Each structure stands twice: as structure tokens, then as C-alpha cells.
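A.B. asks: Based on the sequences and whatever the hints tell you, model everything.
Quick note on numbering: the sequence shown equals residues 3 to 231 in this note's numbering.
Bear in mind the hints are in silico, worked out from the structure with no lab data behind them.
Hints may be right or wrong, so weigh each one.
Stated by the list, open to error - Label pairs and their calculated CB-CB ranges:
{"id": "1", "residue 1": "Gly148", "residue 2": "Pro172", "range": "53 to 63 Å"}
{"id": "2", "residue 1": "Ile80", "residue 2": "Ser162", "range": "38 to 48 Å"}
{"id": "3", "residue 1": "Leu175", "residue 2": "Lys216", "range": "36 to 46 Å"}
{"id": "4", "residue 1": "Val179", "residue 2": "Arg49", "range": "26 to 36 Å"}
{"id": "5", "residue 1": "Val133", "residue 2": "Ser186", "range": "41 to 51 Å"}
{"id": "6", "residue 1": "Ile77", "residue 2": "Trp190", "range": "33 to 43 Å"}
{"id": "7", "residue 1": "Val133", "residue 2": "Ser53", "range": "21 to 31 Å"}
Since the structure is predicted, the reported quantities are computational estimates derived from the model, not experimental observations.
By construction, the Cβ of each residue, glycine as well, lies at the ideal position given by its N, Cα and C atoms.
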Amino acid sequence: MPEPQTPDEAISQAGAGGATDLAMEEGASLEKTPGGPEGTGPAGKPRSLWSDAWRDLRRNPVFIISALVILFLVIISIWPSLIASGDPLQADLDDAQKGSEPGHPFGFDPQGRDVYTRVVYGTRTSVTVGVCATLGVALLGSVLGGLAGFFGGWWDSVLSRVTDVFFGIPVILGGLVFLSVVTSSTVWPVVGFIILLGWPQIARIARGSVITAKQNDYVQAARALGASN
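C.D. replies: What follows is the structure, given as C-alpha cells:
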């Protein structure tokens, strides 16, 4: 017949049993998780910034829909003949200003050209302007804003005044004046104008981010140890 346990022994065994059950539950939960603990990959390796971003984005339906739309526009800009078989420059005055009809859902313009075909083939120009202008704005604004936030002083003051001037220019009015002066038929003047008026916003964001990073403790510690720029 087993000897009766003292209260201290009973409490000790109960605590040990609870700890064992808790450890078993934690182990089971880790086994059920394919990627291991949060922040690690399948083999327990830490995830990179890009893998974390992709994991979050692929669960976002807005991102999936937007990515599909952008992919569709890129494909159409490269191969417009996939959904438009006509010639965008073909004109027939007999069809001028006609409404929509089978094979020509958008009708015809005053020169008798198919509007639908012209819209599809115009996607290439729109995508080119959008991509080039975005890259130019991001590059110019990031460089100038980063330099202003990093060095400060007179460079920061000059850039701040210049951005104030550009913020005061009406975009629509400035665009009309610019297009009335420029006679080139290519898209590059339009790209240049968008970059010219778009970089101040990115410059201010980059400047603020660099100034915030300069105040971090690890930067101050590095400077205290004598580290240079």
C-alpha cells in the first residue's frame, strides 16, 4: 500500500506534471507549424526581408488583383496584336464618327480610325511613360533627399527652398504650358516634365527618413567611437 504524500510532495508533482504537459503542447504546436517558430523558415533559418514581404503580400487580395492587372497591361503593351488585330493608323473617312459596331466596340474617330485599336496600341506608350517617370522620380528624389538629410547645413536649406518653389507650381497649368512650348512628338519630354514636378515629394520623404535614421542609438554610438561618415 503506497505511503500517503505530504502536501509539499503533492504540490511538487502537480507542478512537474503541469510543466510536462505545457512542454508537450508547445512541442506539438511547433511540429504543426511548417515554418517553425515565427520569423524562421522551414529549417529554422531566419527569414529575409523579401520572404517576409512576399508572405504578407500573397495573402492580400488587393495585391493579387493589382498584380494581375499590371501584368495584363504589360503583356498588352508588348503584344497588342493579341486583342487587337487592326492597324491603328488605318483611316477611312467613310467610317468617320461612326458609333460602336461588331469588331469596333469603341467606334471611330473623326479620321475614320478604329478607337479600340488605337487605345490598345497606345498602352505601350502609357506603360513606357509610367515606368520611366516613376524610376526617374524615385532615383532623383531619393538621391537629393538623402544627401540633404545626411549632410544638412546649406545643402538642406537650398533643397528645402527649391522644393517649396516646385510645390507652388500648378501641375495641370504647368503641363499645358510645357506641352504648348515643346514640339517634340516623342514621349520623353512628357517623362521629363513628370520627373521635374514629381521628385520633390520623394525628396522630402527620403530626407525625413535619413534624418530619423541619424538619430538612432547605434549611429550615435558609432560616432562616439570615432566612426566617420
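A.B. asks: With respect to the beta-carbon atoms only, verify the hint that Ile80 and Ser162 lie 38 to 48 Å apart.
C.D. replies: Roughly 42 Å apart at Cβ, these two residues keep to the hinted range, so it holds.
A.B. asks: Does 41 to 51 Å hold as the CB distance between Val133 and Ser186, or does it fail?
C.D. replies: Roughly 19 Å apart at Cβ, these two residues miss the hinted range, so it is violated.
A.B. asks: Take the C-beta atom of Val179 and the C-beta atom of Arg49, compute their distance, and say whether it sits inside 26 to 36 Å.
C.D. replies: violated (50 Å)
A.B. asks: Does the Cβ distance between Gly148 and Pro172 fall inside 53 to 63 Å?
C.D. replies: violated (28 Å)
A.B. asks: Looking only at beta-carbon atoms, does the pair Leu175, Lys216 fall within the given range of 36 to 46 Å?
C.D. replies: holds (38 Å)
A.B. asks: Taking 33 to 43 Å as the hint, is the beta-carbon distance of Ile77 and Trp190 inside that range?
C.D. replies: Given range 33 to 43 Å: violated, Cβ gap about 24 Å.
A.B. asks: Within 21 to 31 Å: is that where the Cβ-Cβ distance between Val133 and Ser53 falls?
C.D. replies: Holds - the Cβ-Cβ distance for Val133 and Ser53, about 26 Å, lies within 21 to 31 Å.
Consistency note: the structure conflicts with the earlier hints numbered 1, 4, 5, 6.
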